[in-house]
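Chemist: Residues per chain, in single letters:
2 protein chains.
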Amino acid sequence: MSTAGPAALPQPVLVRGTGLLGTSIGLALRGSGVEVLLHDPSPSALAVARDIGAGRAVELEGDVAGAGAGEGTDVTTPGTVVVAAPPDVAGRVAVDSLLRWPEAVVMDIASVKASVQTDVRAAVEKGLLSAESASRYVGTHPMAGRERSGPVAARGTLFTAAPWVVCAEPDTAAEAVAAAEALAALTGATVHTMDAGEHDASVALISHLPQVAASLVASRLQQTPAASLALAGNGLRDTTRIAASDPQLWVQILAGNATRLVEILHGVRADLDRLIGTLEAPDAPGARLDIAQLIAEGNAGQARIPGKHGAPPQAFAVVTVVVDDTPGQIAAVLQATGDAGVNVEDLRMDHASGHEVGMLEISVLPGRREELTAALTERGWKVV
Amino acid sequence: MSTAGPAALPQPVLVRGTGLLGTSIGLALRGSGVEVLLHDPSPSALAVARDIGAGRAVELEGDVAGAGAGEGTDVTTPGTVVVAAPPDVAGRVAVDSLLRWPEAVVMDIASVKASVQTDVRAAVEKGLLSAESASRYVGTHPMAGRERSGPVAARGTLFTAAPWVVCAEPDTAAEAVAAAEALAALTGATVHTMDAGEHDASVALISHLPQVAASLVASRLQQTPAASLALAGNGLRDTTRIAASDPQLWVQILAGNATRLVEILHGVRADLDRLIGTLEAPDAPGARLDIAQLIAEGNAGQARIPGKHGAPPQAFAVVTVVVDDTPGQIAAVLQATGDAGVNVEDLRMDHASGHEVGMLEISVLPGRREELTAALTERGWKVV
Numbered sequence: 001m002s003t004a005g006p007a008a009l010p011q012p013v014l015v016r017g018t019g020l021l022g023t024s025i026g027l028a029l030r031g032s033g034v035e036v037l038l039h040d041p042s043p044s045a046l047a048v049a050r051d052i053g054a055g056r057a058v059e060l061e062g063d064v065a066g067a068g069a070g071e072g073t074d075v076t077t078p079g080t081v082v083v084a085a086p087p088d089v090a091g092r093v094a095v096d097s098l099l100r101w102p103e104a105v106v107m108d109i110a111s112v113k114a115s116v117q118t119d120v121r122a123a124v125e126k127g128l129l130s131a132e133s134a135s136r137y138v139g140t141h142p143m144a145g146r147e148r149s150g151p152v153a154a155r156g157t158l159f160t161a162a163p164w165v166v167c168a169e170p171d172t173a174a175e176a177v178a179a180a181e182a183l184a185a186l187t188g189a190t191v192h193t194m195d196a197g198e199h200d201a202s203v204a205l206i207s208h209l210p211q212v213a214a215s216l217v218a219s220r221l222q223q224t225p226a227a228s229l230a231l232a233g234n235g236l237r238d239t240t241r242i243a244a245s246d247p248q249l250w251v252q253i254l255a256g257n258a259t260r261l262v263e264i265l266h267g268v269r270a271d272l273d274r275l276i277g278t279l280e281a282p283d284a285p286g287a288r289l290d291i292a293q294l295i296a297e298g299n300a301g302q303a304r305i306p307g308k309h310g311a312p313p314q315a316f317a318v319v320t321v322v323v324d325d326t327p328g329q330i331a332a333v334l335q336a337t338g339d340a341g342v343n344v345e346d347l348r349m350d351h352a353s354g355h356e357v358g359m360l361e362i363s364v365l366p367g368r369r370e371e372l373t374a375a376l377t378e379r380g381w382k383v384v
Numbered sequence: 001m002s003t004a005g006p007a008a009l010p011q012p013v014l015v016r017g018t019g020l021l022g023t024s025i026g027l028a029l030r031g032s033g034v035e036v037l038l039h040d041p042s043p044s045a046l047a048v049a050r051d052i053g054a055g056r057a058v059e060l061e062g063d064v065a066g067a068g069a070g071e072g073t074d075v076t077t078p079g080t081v082v083v084a085a086p087p088d089v090a091g092r093v094a095v096d097s098l099l100r101w102p103e104a105v106v107m108d109i110a111s112v113k114a115s116v117q118t119d120v121r122a123a124v125e126k127g128l129l130s131a132e133s134a135s136r137y138v139g140t141h142p143m144a145g146r147e148r149s150g151p152v153a154a155r156g157t158l159f160t161a162a163p164w165v166v167c168a169e170p171d172t173a174a175e176a177v178a179a180a181e182a183l184a185a186l187t188g189a190t191v192h193t194m195d196a197g198e199h200d201a202s203v204a205l206i207s208h209l210p211q212v213a214a215s216l217v218a219s220r221l222q223q224t225p226a227a228s229l230a231l232a233g234n235g236l237r238d239t240t241r242i243a244a245s246d247p248q249l250w251v252q253i254l255a256g257n258a259t260r261l262v263e264i265l266h267g268v269r270a271d272l273d274r275l276i277g278t279l280e281a282p283d284a285p286g287a288r289l290d291i292a293q294l295i296a297e298g299n300a301g302q303a304r305i306p307g308k309h310g311a312p313p314q315a316f317a318v319v320t321v322v323v324d325d326t327p328g329q330i331a332a333v334l335q336a337t338g339d340a341g342v343n344v345e346d347l348r349m350d351h352a353s354g355h356e357v358g359m360l361e362i363s364v365l366p367g368r369r370e371e372l373t374a375a376l377t378e379r380g381w382k383v384v
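Here the protein sequences line up with chains A and B, keeping their order. Mapping of the first sequence onto full-length UniProt numbering: position 77 corresponds to residue 77, and the numbering continues sequentially without gaps. Mapping of the second sequence onto full-length UniProt numbering: position 378 corresponds to residue 378, and the numbering continues sequentially without gaps.
In short, the hints are calculated from the structure, not lab data. Honestly, I wouldn't trust all of these hints.
Said to hold, decoys possible - These stretches of chain A come out as covered by chain B in the derived footprint (C-beta under 8 Å, 3 or more residues):
| hint | stretch |
| --- | --- |
| 1 | 8-22 |
| 2 | 26-32 |
Unchecked claim - Derived Cβ-Cβ restraints for the label pairs, each shown as a range:
| hint | chain 1 | residue 1 | chain 2 | residue 2 | range |
| --- | --- | --- | --- | --- | --- |
| 3 | B | A284 | A | S149 | 26 to 36 Å |
| 4 | A | A270 | B | G380 | 28 to 38 Å |
| 5 | A | E371 | B | D283 | 58 to 68 Å |
| 6 | A | E371 | B | R146 | 19 to 29 Å |
| 7 | A | T377 | B | L365 | 30 to 40 Å |
| 8 | A | S149 | B | G341 | 50 to 60 Å |
| 9 | B | P6 | A | A284 | 43 to 53 Å |
| 10 | B | Q223 | A | E371 | 54 to 64 Å |
| 11 | B | L365 | A | G197 | 45 to 55 Å |
| 12 | B | D171 | A | E371 | 49 to 59 Å |
| 13 | B | A284 | A | A131 | 51 to 61 Å |
| 14 | A | E125 | B | L365 | 50 to 60 Å |
| 15 | B | K126 | A | T377 | 46 to 56 Å |
| 16 | A | P170 | B | G341 | 55 to 65 Å |
Only a predicted model underlies this, so the values are computations on that prediction, with no experimental measurement involved. The beta carbon of each residue, even a glycine, is placed where N, CA and C say it ideally should be.
Start from the sequences, fold in the hints, and give me the full structure.
Modeler: So, in structure tokens, the structure goes:
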């Protein structure tokens, strides 16, 4: 968790790259009264970000897009630069920023950290940058996103309650770490501090592996008859939801973390090979035990995923209520839940295709389950 | 969809196996006024099912558990037998039922259909059963379950809106199909008719493959440091949720559908091998295109999964509202939604660990999104 107050953030903040994330950072910082400058090689993306209030658009001298514009080049010197460029150019833009503004803290927000850090260190080795200059760079990763992209989809609340990793390396200046933590905290995010290697190993497991698995499963559905897909339940929907992700972005992420991801995928392939071997002779001695072992290992891993607010996994009891498809039904159930003084810890709808009713699953503290069931039943709700 | 009315169900209905599903079927049928008899080799499971009102407990002459009980053997002849035994004994119990009651329709509810059907056909080939007798057997699969098992977890509403597959084969008697359809409809399920091969191929893709993928991903988390898992978002949670499933049950399901599942897993392994090869040389010519291709294929497959009520996938717009963790907050948002006359099509909470606020994601018809956003914003809610 961050201990740096807002004063630790040198202003103004220049956001380089006004896509979804950069623009959302601008909006969040403006909401906290921070002075924000914006730049993007795309004049239209920049104009949209400015028009929705994410900050003041500036041109950069010598920038490819800005070259020849002449007038309008901004002379304001940023205190902090947020590199929000696509992952595969983040390193180059970070080095460029360290060179342009010799006093500024430079942070990037790419999803993979080692490759950006490598670009900065390479600039030192080539003599482009002093080691002291490079210490003003700090890698970060806000773990938030939306299903849509671009500045139009930006929201100042995008980072509310989201984890934002700040990578403090031995060669990172303390002021740079403090600035990054202060910025993340101002957006409403929860700061997690770890080094770049730990970050990249973490996201390989908790983000990149699930993406690959979802894509592999969903890929199998390309030729599936509609009658088969009509049987799909939440198991399939949940497992494949993130398979809808943007290929262009994920190419950069997966390629950028290739080494760590490949190591994990080798482990997955070994397990998959073992399962295929077992299923090819399901009646051989030990086969059943082998399959049970795979499922049990999955149980063990799944049980380690923390729940809401970092609570122990599976800490909640679920009360399931039948609701039909008219406005106000779900509200009425939750109103009754609130009236009973029971807090909703989590919530989801469970429904199957072809039917006009659904199941509302309300997660509550285990000690409140019986009470809520009784309260809802008394009011005429069908608790199942 | 079923066209058979309740009259097509010969009564009384004997449920053999009073676990979660058998007991839930009993409860659902009793709720519709159907006469239900129950049997289970476990006297305590049977007593629980009876005590919660799922039907009348009977003993069966010559049954392993019933042998020697002498008195109490029931002489009521069932019109329909529902075999709700564990998958790997379902075939044996189905054949036993066809032999015991020469006039009854016999249906089973195991998750894999070809193996049960094979057991019935084998009994005909061995001369144990006439082809005419075997035609009274019909395989079915109610696609419902809970995270808990046993008769105590049973609910009469378990099948509400769930798909229930009825396998009509060329050698299945029309009355048997009609009885199964009538029974499924009485429980509130939606009847889908297909043959056993089509069913098993369907569930291999939409149920067994997701289970394997979830277990493979979750298995990798067994040694993951807690600091890494603290970064987990809904992507990981959704992808691994079903990894919490019961190993003993899934051994039987996966082994029972091994041939069809292996074929699919070979396809997954080929894609995985291709990805591993690409990630081992991510800068080789064509590598990026290869990765993008995998993600794009996942996009294409995911887009084919039908949405709620069989609606086209991704037909809904999402309005995201910030809520804090006090009773009544979610209810108030949904009350405001109902007041605005906007129907909630789907609902979920999105939250990160370590923070006391969450995002309520309300899915609505796309044409209502702006309207709902305006209505909620006007009432002081933070729509993001």
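Chemist: Hint by hint, note whether the structure agrees.
Modeler: Results for each hint:
Counting residues of the stretch 8-22 of chain A whose C-beta lies closer than 8 Å to any C-beta of chain B gives 0; at least three are required, and the coverage claim is violated. Coverage of the stretch 26-32 of chain A by chain B is violated in this model, with 0 residues showing a Cβ closer than 8 Å to a Cβ of that chain against a need of three. Checked against the given bound of 26 to 36 Å, the beta carbons of B:A284 and A:S149, roughly 27 Å apart, stay inside it. The hint said 28 to 38 Å for the Cβ distance between A:A270 and B:G380, and at roughly 54 Å that hint is violated.
Checked against the given bound of 58 to 68 Å, the beta carbons of A:E371 and B:D283, roughly 60 Å apart, stay inside it. Checked against the hint of 19 to 29 Å, the pair A:E371 and B:R146 passes, with Cβ atoms roughly 20 Å apart. Between A:T377 and B:L365 the beta carbon distance is about 31 Å. The supplied range of 30 to 40 Å therefore holds. One distance hint, 50 to 60 Å for the beta-carbon pair A:S149 and B:G341, is violated here, with the actual separation near 31 Å.
In this structure the hint that B:P6 and A:A284 lie 43 to 53 Å apart at CB holds, the actual value being about 46 Å. At roughly 39 Å, the beta carbons of B:Q223 and A:E371 sit outside the given window of 54 to 64 Å. One distance hint, 45 to 55 Å for the beta-carbon pair B:L365 and A:G197, holds here, with the actual separation near 46 Å. For the pair B:D171 and A:E371, the beta carbons lie near 53 Å from each other, so the given range of 49 to 59 Å is met.
Here the CB-CB span from B:A284 to A:A131 is close to 33 Å, at odds with the stated 51 to 61 Å. As the Cβ distance of A:E125 to B:L365 is approximately 57 Å, the hint placing it in 50 to 60 Å holds. Separated by about 52 Å at the C-beta atoms, B:K126 and A:T377 satisfy the suggested range of 46 to 56 Å. Range check, A:P170 to B:G341: about 59 Å between beta-carbon atoms, so the 55 to 65 Å window is met.
In summary, the numbered hints that this structure violates are 1, 2, 4, 8, 10, 13.
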